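Enquirer: Same order as they appear, the protein sequences are chains A and B. With the numbering used here as the guide, the letters of the first sequence map in order to residues 1 to 228. With the numbering used here as the guide, the letters of the second sequence map in order to residues 1001 to 1217.
Just so you know, these hints were derived from the structure itself, not from any lab. Keep in mind that the hints are not guaranteed to be accurate.
As the list claims (entries may be wrong) - Simulated crosslink set (DMTMM-like; lysine to aspartate or glutamate; CA at most 20 Å straight-line):
hint, chain 1, residue 1, chain 2, residue 2
1, B, LYS1100, A, ASP72
2, B, LYS1100, A, GLU108
3, A, LYS48, B, ASP1097
4, B, LYS1100, A, GLU97
5, B, LYS1100, A, ASP204
6, A, LYS54, B, ASP1097
Predicted, not measured: the structure shown is a model, and the values here were computed from it.
Each chain, letter by letter, is given below.
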Amino acid sequence: MSQVELASRPASSSTWHMYRAMVGIGVFCGLIIVTVFQLTRPVIERNKAEALQKAIFHVLPQASTSTAYRLDESGAFDPLDRDLGGEQRVYAGYDGEHELLGFAVEAEGMGYQDVIRLIYGYSFAKQAIIGIQILESKETPGLGDKIQSDPDFLKNFQRLDVSLSEDRTRLAKPIVPVRHGQKTHPWEVDSITGATISSTAIADILNRSAQYWVPRIQNNLNEFEERE
Amino acid sequence: MAEPSNSSTDEFLKGLWKDNPVFVQVLGMCPTLAVSNTALNALAMGLATAFVLVMSNIAVSSLRNFVPKQVRIASYILIIATFVTVVDYTIQVISLDLYKSLGAFISLIVVNCVILGRAEAFASKNTVALSIMDGLGMGLGFTFALLCLGGVREILGNGSLFGAQLFHDAFQKWVVMILPSGGFFTLAGWLLLFNWREQRKAKKHERAGLSFREEVA
């Protein structure tokens, strides 16, 4: 009995010390993380909202206000009072007279290195994409990242045709990438030499997104009248 | 009174120069090579690592008599991960663009061997005051090294420093310097310089020793 006691006593004491240390440090660390999270969350959310707002006004330069709309299961658009994220949504841009100008739509797809996330402006009057901004990209510096800065490439999106087909269910002509200098139609994207995969990825992302959103937006334009 | 302050200064200078974590100990290579493509990224990553290093050194040193040795590494990782989370949120508050450009490497500070190495080798055996000086020295030494790499890579690869253009438009950018291989080239250059300097110093000492022995003889 005494042998068992002698053997178990230091072990249980050591276990208690380990338990005490791990739980104590865990609680202490948890408190720090929760406190910092609570303190920083409002500022981080504000920063994200400001960055998004900036991007919307970049792709819809004439807009002075914007409203987020959610696409519900029935195919109708509902205004979102609070942008909770994770939902299928578009941003309608309005001018100072509360006139609807166009839409900003987020889209993403695989690039050369990683996922490229972008936002583009769509003008229903021009039936065209009128601007894009890359929100997130890890494309190769000096090569693939030219999709954000190459002036010739960005010219593609000053008026990229996305008019609808006769049955108004899809684009009349899909957005397609072409080799540099060979663009002849307004729905083609002139690629960047040395960044073919990245520029093709942008054309594919826009095509996929526009094929989905443009018919839905065009067929429900009356739902975007700004509420006073 | 003079001795502790002297020793604190030694601990500080050791990390900053003599035992620089990057150029002498060759530790923490992952962020060193990956995030040093611009001077601003290098500075932000260096300061973030320095903050985590100082704070984890303080916590580990304060708790050194409380943590049994069997669970010390798990405890240190928990402490380091907590301060990395603090840095993660803080950078998102300061600038979302900076946060995006540093990418996953902020979270990966948890596994930076410089931090765990200092917690295990120094903070767990020394007082809080000395551990702060050690953390500061190593952290600023790491920041200095990252800045050396980031500065060279941004100047040659983008013709700018901290975003300010340095050269005429005609300057042909060395794109390779911003690419991962440029990190290896630049690091090799700096290591070459540091080792050459060390060897020259050792030779000088050797010569001084020889002449002293000749004089004595």
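Enquirer: Work down the list of hints and note, for each, if the structure agrees.
Expert: Cross-check of the supplied hints:
1. B:LYS1100 - A:ASP72: violated, 31 Å
2. B:LYS1100 - A:GLU108: Distance of about 16 Å is within 20 Å: holds.
3. A:LYS48 - B:ASP1097: holds, 10 Å
4. B:LYS1100 - A:GLU97: violated, 36 Å
5. B:LYS1100 - A:ASP204: violated, 24 Å
6. A:LYS54 - B:ASP1097: holds, 13 Å
The structure is inconsistent with the numbered hints 1, 4, 5, although it conforms to all the rest.
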